[in-house]
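K.L.:
Read in order, the letters of the sequence shown are residues 1 to 336 in full-length UniProt numbering.
Think of the hints as simulated: they come from the structure by calculation, not from any bench. The beta-carbon is built from N, C-alpha and C at its ideal position, and this holds for glycine as well. Hints should not be assumed to be uniformly reliable.
Quick list of simulated restraints, FRET-style, between CB atoms [to be verified]:
(1) Glu297 / Asp63: 43 to 53 Å
(2) Glu64 / Ser32: 26 to 36 Å
(3) Ser32 / Gln163: 43 to 53 Å
(4) Leu94 / Gln335: 43 to 53 Å
(5) Glu297 / Val47: 28 to 38 Å
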Amino acid sequence: MDTWQQLSHHGSLHHGGRLRAAATRFAIPLESWLDLSTGINANSWPVRTPPASSWTRLPEEEDELNIAASRYYEADFLLPVAGSQAAIQALPQLRAPSRVSVLNPGYAEHAQAWKRNHHTVSAVAPEQIDTILPNTDVLIIIHPNNPTGNTFPISQLLNWHAQLAQRGGWLIVDEAFIDATPELSIASHTMKPGLIILRSLGKFFGLAGARVGFVCAHPQLLIALNNLLGPWTVNGPARWMAIQALQDKNWQGKARQRLLQDSRRLHSLLSQHHLTPHGGSAFFQWVCSAKASDIFETLACQGILTRLFTEPSSLRFGLPTIEAGWQRLDRALAQI
């Protein structure tokens, strides 16, 4: 479990980016932090001002959002939602109690949502999937995985889906971190019943605050999910910004190149300081260490926030935004 994911009195999980809590705990002003805890692309799509009408009118499903998203994700059918988190919370409500296997370690909200809705949830390591699949109704894969960065061949994912679909099962693939490596996506296969892909504008586009995500799936499931969520799930200004971002191919190409380059740089920098990553993606690097907690504290005392996990003992490092951030991280790592 992530140390910063302890259950609050409301029963919700905490995630990266809790900068205000860190500022209070370590008595360092908010503006003095280098936040590497979220995995969000800090060099975000340049936000533009939405037209006034997007604020004064109800959101309209007849706008260009579905068309722009279908082209970008290469998916025939999809449903815009208030961030992929909305789908994570809702999908368990569309099945009778089921046997659910969730990739572990992974994004904790998936298991939490299915448990909350009275499903039987089991954690599964990548090498165990083939063994447990005959006794699984729903398999949930984060791809690339967060925090390990594990990926799977498309043929393997489709094989798992085929086995599940034969008995009415689902394969859910959370592709929140896949945009920099779109060749790994299976969103184009979502006309197959029982294959559900979650996408988000939060990580790659750096628009986490807009709360825009998409569910790519067979139309029958999308209709059921839409009926459950109700109208106007994505607000008008966010819809407008999403359309512009999804159509901005020039920015997308440059962002992919920079993310992959910066991720390689981060891998090299950590390795130089004897913290060679055990995994990662274009958005982060993951370091396993028995001293992860001590490293987290040492960096936090210098105003650098990372993501600490206890099972396994590890740290996730996001990408610095500017050169000064890279130099600051280099100096801090030298003191470990």
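K.L.:
Each hint needs a verdict: does it hold in this structure or not?
P.N.:
Checked hints:
{"no.": "1", "hint": "Glu297 / Asp63: 43 to 53 Å", "in the structure": "holds, 48 Å"}
{"no.": "2", "hint": "Glu64 / Ser32: 26 to 36 Å", "in the structure": "violated, 41 Å"}
{"no.": "3", "hint": "Ser32 / Gln163: 43 to 53 Å", "in the structure": "holds, 51 Å"}
{"no.": "4", "hint": "Leu94 / Gln335: 43 to 53 Å", "in the structure": "holds, 50 Å"}
{"no.": "5", "hint": "Glu297 / Val47: 28 to 38 Å", "in the structure": "holds, 34 Å"}
The structure fails to meet hint 2 from the earlier list, while all remaining hints are met.
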